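Protein chains in written order, with our numbering: chain E, 1 to 159; chain G, 1 to 390.
Do not take every clue at face value.
Quick list of in silico lysine-lysine cross-link-like pairs, DSS-like style, CA-CA up to 30 Å [what the hints assert, rightly or not]:
1. E/K153 / G/K304
2. E/K14 / G/K304
3. E/K140 / G/K279
4. E/K36 / E/K47
5. E/K140 / G/K385
6. E/K140 / E/K45
7. E/K153 / G/K282
8. G/K279 / E/K153
9. E/K45 / E/K6
10. E/K14 / E/K54
11. G/K260 / G/K166
12. G/K385 / G/K304
13. E/K108 / E/K137
14. E/K14 / E/K153
15. G/K9 / E/K153
16. E/K108 / E/K120
17. G/K304 / E/K36
18. E/K14 / G/K385
19. G/K282 / G/K58
20. E/K47 / E/K6
21. G/K81 / G/K385
22. G/K9 / G/K21
23. G/K81 / E/K153
24. G/K58 / E/K47
25. E/K140 / G/K58
26. G/K166 / E/K6
27. G/K81 / G/K279
28. E/K120 / E/K47
29. G/K282 / E/K6
30. G/K304 / E/K6
31. E/K54 / E/K140
32. E/K14 / E/K45
33. E/K153 / E/K108
Chain G stretches covered by chain E per the calculated footprint, using a threshold of three residues with CB under 8 Å from any CB of chain E [as the list claims (entries may be wrong)]:
34. 15 to 25
35. 32 to 41
36. 293 to 302
37. 344 to 356
Interface residues of chain E toward chain G, partial, derived using beta-carbon atoms under 10 Å [what the hints assert, rightly or not]:
38. K6
39. A80
40. E81
Please keep in mind that the hints were generated in silico from the structure rather than gathered at the bench.
Predicted model, so just to flag it, every value in this text is computed and none were measured.
Just so it is clear, CB atoms sit at the ideal spot from N, CA and C, and this is done for glycine as well.
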Amino acid sequence: MNEILKILEQDARKTPEQLATMTGIPLAEVEETIRKAESDRTILKYKTMVNWDKLGEEQVWALVEVRVAPQRDVGFDAIAERLYRFPEARTVYLVSGTYDLSVLVVGKTMQEVAGFVSAKLAPIEGVQGTVTHFLLKRFKEDGEILEGEEGPKRVPIVP
Amino acid sequence: MNKRHIISKRVRHIPPSGIRKFFDIIASMDGVISLGVGEPDFVTPWHIREAGIYSLEKGYTSYTSNYGILELRQEIARYLKARYNLDYDPEREVLVTVGVSEGVDLALRAILDPEDEVIIPAPTYVSYTACTTLSGGVSVPVPTTMDSGFQVRAEEIEERVGPRTKAILIGYPNNPTGAVVDRKELTRIADVARRHNLIVISDEVYERLVYGVEHTCFATLPDVRENTILLGGFSKAFAMTGWRLGYAVASADIIEAMMKIHQYTMMCASTMAQMAAIKALKEGDPHVQEMVTSYDQRRRVMVKGLNDIGLTCFEPKGAFYAFPSIRSTGLSSDEFAERLLLEERVAVIPGAAFGECGEGHVRCCYATSMAEIEEALQRIGNFVKRHRSR
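With the rest of the complex left out, here is chain E (with noise of 0.2 Å):
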């Protein structure tokens, strides 16, 4: 199960047949290990890691710090899920240390997302202050390196 997962974590296009030929799992189990996963949401989704920076699109990313008061019973968790139900807070994270959520927010302009920030985010009851960082270049992302990576560097043919 979990080699199956971690190479489909890598690349999502493999195949049933490729992920059993890889795994000398027989592929009727392959098949199945991807179909509950998939129905138990241990497989969230197949997506593809684009960097559009190629495309000179022009993307904002900030990371906002918000502190927020914790509320009886639920603590963080009713005021995050207010904030995640916006699709411009891409990731949300509880975290510890002097501020309590850490999202990530995306839009195309500075604008776009300043006024996110101040209009939809900070208002939120509960939310007591934010700090808004703009990412001025993305190195590693999930793990790749966006620009510069280099294979090792190997002669042809070697005995």
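Add chain G to chain E, keeping to what the hints say.
What follows is chain G alone, placed relative to chain E:
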């Protein structure tokens, strides 16, 4: 002066490498997928590289002890104890070498007198035979075949033992076949060695790269300690080929003799590489596991792919090579490799480069990206289809 007389007879006696010409062909072509490599496609894990860089920053740029940095020898001894329950004294029984290649050379030179014979199962890694010749010895091959899974049998070795036989040189997991030999047969080989008072040089550079089987370290067999030279290295397990670092462990008298040659010819292994190797042994294991899993996946794809094409391939249990039969094409291994390269831009190594009994096979390294393996299999399939229908 006639040039023929400048070069020693011994060196002249060594045939030129059969794969040299492939370099020149590849250099003139674009889009070649090479299955002809003999090393990992991973870069050395970063924290090992970082240890090498840090050693430079801290000014570790001098010679080390001829034997190698003591801390590294201690780590090697600790590793062998933890993994194989072997006891070697890091001060007198461990020598750090410049790759296992130097280890092979030192071991042979330390034990061979002129005309002494070394029994070597074949197909064999190319340097065993050449280093035996360079040491003044005579190599005696023991051919193995795909039908027997490239397994060497103890009685085939014993049949070749003569009055001048000094050593048996084995390398399992094997380059080029990917074969491993099980503990039972190795024990019988050890018996032969003991009966005839032979040294066994066991090159175990691929020890970590085994799939679904357990590696048997030759030195763990009963009563072999006194006549075994165990060679190991960092190149394959930790993807450190370019660092050139290996080690030899054996009884103190043998290590002392090997060190004598090493100190006059090499002084010591690179200090930076030794510092990085300490880190590799201390913290590298998770990386090894990850790489082994990845090789195993690619191994299955390669072996199935070759068999589907009709190039019969026994299942290699170690290293990162498949060694399929190409007899169905009617081509020699050299013709196959050359035409495949010219017609389909895929490089493989002709089996004949690894000894006569390698003829009829080619070596395909699967330490390359899955996408390249799949594309290479496609191209080899086209090639085989074309040549079989002729």
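Review point. Is E/K153 within 30 Å of E/K108, Cα to Cα?
Key: Roughly 39 Å separates the two Cα atoms, so the pair is violated.
Exercise for review: Establish whether the coverage given for the segment 344 to 356 of chain G by chain E is satisfied; the threshold is a Cβ-Cβ distance below 8 Å, and no fewer than three residues must meet it.
Suggested key: holds (count 4)
Point to revise | Satisfaction of hint between E/K47 and E/K120, Cα-Cα up to 30 Å | key: 28 Å, holds
Check your understanding: Can the restraint linking E/K36 and E/K47 be considered satisfied, given a maximum Cα separation of 30 Å?
Key -> 19 Å, holds
Point to revise | Satisfaction of hint between G/K279 and E/K140, Cα-Cα up to 30 Å | key: 25 Å, holds
Check your understanding: Is the Cα-Cα distance between G/K81 and G/K385 30 Å or less?
Key -> 51 Å, violated
Exercise for review: Compare the distance between the alpha carbons of G/K279 and E/K153 with 30 Å, and conclude whether the hinted pair is satisfied.
Suggested key: 23 Å, holds
Point to revise | Pair hint E/K108 and E/K120, alpha-carbon separation not exceeding 30 Å | key: The given pair, whose Cα atoms are some 16 Å apart, holds under the 30 Å limit.
Review point. Do the alpha carbons of E/K14 and E/K45 lie within 30 Å of each other, as the hint requires?
Key: Given pair E/K14, E/K45 holds - Cα atoms ~14 Å apart, limit 30 Å.
Review point. Are the Cα atoms of G/K282 and G/K58 separated by 30 Å or less?
Key: The hint holds at about 19 Å.
Exercise for review: Hold the hint about E/K6 up to the distance rule: shortest CB distance to chain G must be less than 10 Å.
Suggested key: Check passed: Cβ of E/K6 comes within 8 Å of chain G, closer than 10 Å.
Exercise for review: Sort out whether E/K153 lies within 30 Å of G/K81, counting only the CA atoms.
Suggested key: Roughly 34 Å separates the two Cα atoms, so the pair is violated.
Comparing the model with each numbered hint stated earlier shows that hints 5, 15, 21, 23, 24, 26, 33, 39 and 40 do not hold.
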